[in-house]
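The residues making up each chain are set out below.
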Amino acid sequence: MSNYSYIALIPLLPLASFILLGLWGRKYFKTSAGIIGTASLLASTLLSLYAAYSYFFVDGKINGAYGKVEVLKYTWLQFSPGLSIDMGFLLDPISIMMIVVVSFVSLMVHLFSIGYMKGEERFATYYSFLGLFTFSMLGLVLSTNIFQIYIFWELVGVSSYLLIGFYYDRPSAVAAAKKAFIVTRFADFGFLIGILILGFYGGTLDFGTLLQRLTSIQSSEFISITRASFLGVSMLTWGLLLVFMGGAGKSALFPLHIWLPDAMEGPTPVSALIHAATMVVAGVYLVARLFPLFAMDDAALQVVAYAGILSALLAAIIACTQTDIKRVLAYSTMSQIGFMMFALGVSGYGESKGLGYTASMFHLFTHAFFKSLLFLCAGSIIHLVHSNDMKNMGGLRKLMPVTHFGFLIACLAISGIPPFAGFFSKEGILMATYESNKFIFFIALFTSALTAFYMFRLYFSIFWNKEASTEKTHHGEGSLSMKVPLIILTACSILAGFVPFSKLITTDGIPLEEHMNLLFSIAPVGLALLAILLAANLYKKANTRPQKLSQSLGTLYIAAKRKFYIDEVYLFITQKVVFNLIGRPAAWIDRNIIDGSVNLLATVTGKTSQGIKGLQSGSVQNYALYFFSGIAALAVIFIYLWK
Amino acid sequence: MNLSLLIIVPFLTAIAILFSKEAKTTRIISLLGAVVQLALALFLLTAYLQERSAGNTAPMLFEYNYVWFAPLHINYHVGVDGISIAMILLTAFVVLAGILVSWKIDKWNREYFFLLLFLSMGAYGFFISLDLFTLFFFLEVAVIPKFLLIGIWGSGKKEYSAMKLALMLMGGSALVFVGLAGIFFNTNTFDILQIAQLHIPVATQKFFFPFAFIGFGVFTALFPFHTWVPDGHSSAPTAASMFLAGISMKLGGYGCLRVATYLMPDAAHAYSGVIIALATIAIIYGAFATMMQKDLKYINAYSSVSHCGFVLLGIGMLTKTSINGAVLQMVSHGLMTALFFAAIGMIYGRTHTRMVAQLGGLLKVTPFISTVFVIAGLCSLGLPGLSGFVAEMTVFMGSWQNPDNLYRLATILACASIVVTAVYILRATGKTIMGPINQTYLRLNDATWNEKLAAGVLITGIVIIGIAPFLINGLIAGGTETIMKQIGKTIISK
Amino acid sequence: METVPLTHILFVSTALFCIGMYGLFTRRNLITMLMAIELILNSVNINFVAFNKYLYPYKLDGIFFVIFIITIAAAEAAVAIAIIINQYRTHQSIDVEDATELKF
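Protein chains in written order, with the numbering used here: chain A, 2 to 644; chain B, 59 to 552; chain C, 2 to 105.
None of these hints come from the bench; they were simulated from the model. Nothing here was measured: the structure is a model prediction, and the numbers come from that model. Even for Gly, the Cβ is constructed at its ideal location relative to N, Cα and C. Fair warning: there could be bad hints in the mix.
No more than 20 angstroms apart at the CA atoms, straight line, and that leaves these computed lysine to any residue pairs for SDA-like [unchecked claim]:
| id | chain 1 | residue 1 | chain 2 | residue 2 |
| --- | --- | --- | --- | --- |
| 1 | A | 74 | B | 532 |
| 2 | A | 614 | C | 100 |
| 3 | A | 74 | B | 529 |
| 4 | B | 216 | A | 597 |
| 5 | B | 510 | A | 586 |
| 6 | B | 215 | A | 598 |
| 7 | B | 352 | A | 581 |
| 8 | A | 74 | B | 443 |
| 9 | B | 378 | B | 543 |
| 10 | A | 541 | A | 393 |
| 11 | A | 28 | B | 423 |
| 12 | B | 422 | A | 172 |
| 13 | B | 216 | A | 592 |
| 14 | B | 352 | A | 586 |
If we take Cβ atoms under 7 angstroms as the criterion, some of the chain B residues that face chain A in the derived model are [unchecked claim]:
| id | residue |
| --- | --- |
| 15 | 350 |
| 16 | 471 |
| 17 | 474 |
Where chain B lies over chain A, by a calculated footprint (3+ residues, C-beta under 8 angstroms) [what the hints assert, rightly or not]:
| id | stretch |
| --- | --- |
| 18 | 156-168 |
| 19 | 189-197 |
The task is simple: from the sequences and hints, build the whole structure.
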C-alpha cells in the first residue's frame, strides 16, 4: 500500500493560493495572480493524476476489488461519543475519479482565465475565489464523513456565490448570485435534516461505518431506522430523500434548478468550472457516495430516477427555445445531470446490476470534459462578439477555427455520436435504463435526440447561419493561454470515452466485463443523426423555417421559452407569500403588538401617575383630610370588619 | 491565578482614565487596559488547561472565597470552569475591539471610555462569580453604563431607547432577584457550588425557576421580551452596540445556564417544552422580522434575536451536546455580532446613513470594510470555516438527540431558519456592498488602522473557532459536564 | 355621691375633637389651624383623664400621658409658630393656600 499523505496537498494548494491572493493579491500579485493560481492547480492536477495512477495501477485490487483508503483522519468536532465530524481524505474509485476531473478542469479554467480575465480590475480576487472554489470542491469529493461533505458543500456554495456575483456592480449578477445561494441553501436545509436523521439512527457520521451499519439487514441500526416511520414513510427513506434534496439543489434538478440559468451571470470560465463540470455534479456524487444505502431503499431510488428523467426532459425542451448561448448550455447541463441522476436511480447494487451506477459516473467523467469545453468555447465567442445572444452571432467559423473545431467535437460528443466521449457513457446509461425501466428508457431516448437537436441548433446558429460582420475580426481568437485549454479539452472529448471505466468504477469495486452491444446503439445514434440533420436544415442558413416551426407549436413553444413559468411560480411564492404573508406580518406584529404592549405598559404607567398626581395638591389641609379619612377607614376596618 | 485581577484591571484602568487630561492619553490608557485584559484572559486559559491536564478535576478552578457580609451568608466567591473561560475570552476580544473602534470619539471621551471599562468589569465579575449575590451585583454593574452610553452618545431616538433598555433590563434583574431570593430562602446560602449539592424541593424549583429564567432571558432576548434589542442596538454608539450584543446578551444566556438550569434542574426539565417553544418562535420569527428591516442596525439586532434563540434552544433541549452548542453559540454570536456592528459603524461613520436603500456598491470604494461586512454576514448565515457554523451545527446535533417528536419538530423549524438567514444576509449584502454605487459615496476612505485592527481581532476569534473548533469544544465540554451531572441527577430521581 | 357619667365626658371630648377637625379643615389661617390642632389634642387629654378616672382609678398612666401631650404640644406650638413666622417672611402671608409649592 502506498503512502497517500500527499493527498492533503491536492486541496491545500488551491487553498494556499486563495489565502495568498486573497490577502495580498491586490497589492503584490496584481498581474502574476494568474500564474500563481495556475501553478498551484498544475501541482494539484499532477498529484491527482499520480494518486490515480498509484491507486488503480500500483496498489490495484485487493481481493479482486478496489478498496477504500482513509488518510490523515482526525477528529475536528466531537458532538457526543460516536457522533463526530472527522476530517480526513477518503480514496476510493469515485473520489479518485473526481479529484482528477476537478483539478484538471480547474487547471484548464485557470489557464483560460489568464487570457479571458486580462485587464480585469479584480484579477487577483478572481483567482483567489477560483482557488477557494477548487479547494472546497476537492475537499468535498475527498470527504470521509457525511458532515465533512456538508461543510465543503456549503463552502462550494459560497464560492459559487462569490464567483457568480463577481461583477458585483451589475444588479443582475448580484441577484443571480443571491438566488443561487438561497435556492441551494433551501436544498441544504433538507440535506442537514437528512444528516441529522441518518446520523442519529446510524450512530455515526462516518461514511464507512454508516454504510456498513445501515446496509446490513441484521444490524440494530438498520432495524431501528426502518422501524421508525413518519407519515407512513420509513426514516431511512426520509433520510435518503432529504439528503437527495440537498443533492438535487446543488445539481439543479427540477424543481430546484431555477438558479442555474441565472448563474450564467458569472464570468464564463466560472460557468465552465462550477456550473458545468464540477459543482453541479456534486449532487450526483453525493448520491453515488451513499449509493449502497440508496440501493437498500427502493422508494428513494425511484424518486431519484424520476427526478432525474423529469429534469432531463424539461431542460432539453427549454434548451431548444433559448437564445442566450450560455443559457442553452446551462439547460443542457441540467439535462445531462438529469441523465446521470436517473442512471443512478435505475441502477442496483452489485455486479452487473450496478451498470447504471458505472454509466452514471462515466457520464459524469466525460461530461466534465465536453461541457467545460463548450463553456470555454462560449467564453471565447463572447470574448470576441461581446454578446451572449446567438442572434448577434453567425458565421464565426472562419474567425475562430480552434474554437469552431472544439465546439463541433463537443457537440458531437454530447449528442452521443461515436466515437466521441459522450457516446460511450450515454450508451451505458441507455442500456442500463433499458434493462430496468422501459418507460424511462423511451423518454431518455427522446431526450437524447432532443439534445442533439438543440446542441446543433446552437452550433449552426453560432458558426454558420449568416455571415460574420467584419468589424469583429480585429480581435482574433484570443491569446495562446485561451487556445491551449480548448485544444487539450478537445483532445479529451475525443479520447475520454476510451477509458475502460467499467473496469475501474463499479458499485462494489469489483470490475465489470464490458459488453458493448452495437445493435443497441443503432437507435440512439440514428435518432441523434436525424436530429442533427433537422437542426442543419433549420439553422445552417438564415431562413424563416425556425420561426414558422415555433409559431406552429404555439403555446408549447411559448411555455418552453418562458421556462414553463417556474421562475414566476417561485417569485410568487417568495415575494407574495413569504414576504407578504410571513415577513411583513412578523415585522408588523413585532413593532405593533409585542413592542406595542411594552410601550402600552409604559403609557399606562405614565397615564396612571398623571391621573393620581392630583392627590399631591400641596395643600396641607387636603393632606390632613386624607390622613384622617385614612385613619377613620382603618378604624372602621379594624373594629367592625376584621374577622 | 488570581481571578480578582480580571475585575481589578478594568477598574484601575477606569480610575486611571478619570485622571487623564487629554483625549489621546485616555485612548492609550484604555487600549492598554484592554490589551492587558486580553492577555490576562489568554493567560487564564493556558493556566486552566495546564491545571486540567495536570489532573485537577474540581468543577471550578482558581477558587477564592472571602466573606463579604456574614449575617446573610454573602461571600465574594469566584472560580472558573470551561464555560466561564470561554465567556471571559469572548469579553476580552470584544472589549479590545470595542475600544479600538471608538478611537475617534471626541465628545466626553473620558467618560465614554470609563463607562466602557466599567461595563467590562461588570461582565468579568459576572462570569467568575460563584456566589449568587456577587453575581447579581455584577449584573447590575453591567447594566447601568449601558443606559448612559446610549442616552448620551447614541443616535436617533436615543432617550427613548436608553430608557426602554434600562427599564426592561432592570425588570429582568428584578425577576432574577426574586429567583435568587427564592433559592436563598430555601437553602440559606448564596454559594452556587453548595446549592448544587443541596436539593431544592421540586415545587419550590418550579415556582422560582420561571423568575430566574425569564429574568435572565430578558437579557438574552427571550421572546416576547426582546423588544429592547432592536431599539437599544440601533440607538447605541458603535462600541456600545458591540458590548450590548457581544457581552450583555451573553450575561443572560450564561445566567440561564449557570443559575436557572444548573441550580434548578428539575424545573428545567419541567419547563423545557416552554423554553423550546419560545426559543423556536424567537428563531423563526426573529429571522422573518429581520427580512423586512431596512436599517442595517435593525437587521443585525433582529438577527441577534434569532441567533440568541439558538442559545435558548440549546439550553432547553438539555442534552450535553445541545448545551455545548448553546455556549458555543454564545461565544460565536458575541464575536460575530460585534464584528457586524463594527462594520455597520464604520459604514455609518462614512456615509451617515444606515438605510439599506440609500447604500450600494461600497465594495468599490471601501473594500476592507466591505470584506469585513461580508465575513460577518457569512458567519451569521453559518458558513463553515467561521464560528457560526460550528455553533449552530452543535446545537442542531444536540437538539436532535432529544428524541421527543415535538422537540424534533422544533429542531427542524430552527434548521429552517438557516434559509431565512441566508435571505436577509444576502439581501443586505447585495444592496449595500454590491450593486451599482451611489455617486455621493465615490470619495469615501477605507478603514483606518484602528478599525482594521478591531476587525482583525474579532475575525481572528471567529476564524479560530471556525477552523479549529476542537480547541474550544473541549474547553466548554468540561464545564458542560458539571451541568449535565446535575441534570442527570433529576432523570435518575424521576 | 352622684357622679357625672363617662358618656357625658366622652361627649364633650368628641365635640371638642370635631370642632378641632372642622377648624383644621376650614380655616386658611395657619394660627387658627394651630389652635384647632390644640383643641384636638385637648380632646384627647380629656379622654385620657376620663378613662383613667373611670377604669383605673388607682393608676396614673393616663395622667402621665396627658402631661406628655401637654409638653409636646408646647414644643409643637413653638416649632409651628417658627414655621409660620418663616412662611410669613417668604410669602408675606400666613394663609395656607399660598404655600402650595410642595406638589407634583
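How the hints compare with the structure:
no.	hint	in the structure
1	A:74 x B:532	18 angstroms, holds
2	A:614 x C:100	18 angstroms, holds
3	A:74 x B:529	17 angstroms, holds
4	B:216 x A:597	18 angstroms, holds
5	B:510 x A:586	39 angstroms, violated
6	B:215 x A:598	19 angstroms, holds
7	B:352 x A:581	15 angstroms, holds
8	A:74 x B:443	18 angstroms, holds
9	B:378 x B:543	10 angstroms, holds
10	A:541 x A:393	15 angstroms, holds
11	A:28 x B:423	16 angstroms, holds
12	B:422 x A:172	14 angstroms, holds
13	B:216 x A:592	17 angstroms, holds
14	B:352 x A:586	15 angstroms, holds
15	350	4 angstroms, holds
16	471	11 angstroms, violated
17	474	6 angstroms, holds
18	156-168	holds (count 4)
19	189-197	holds (count 5)
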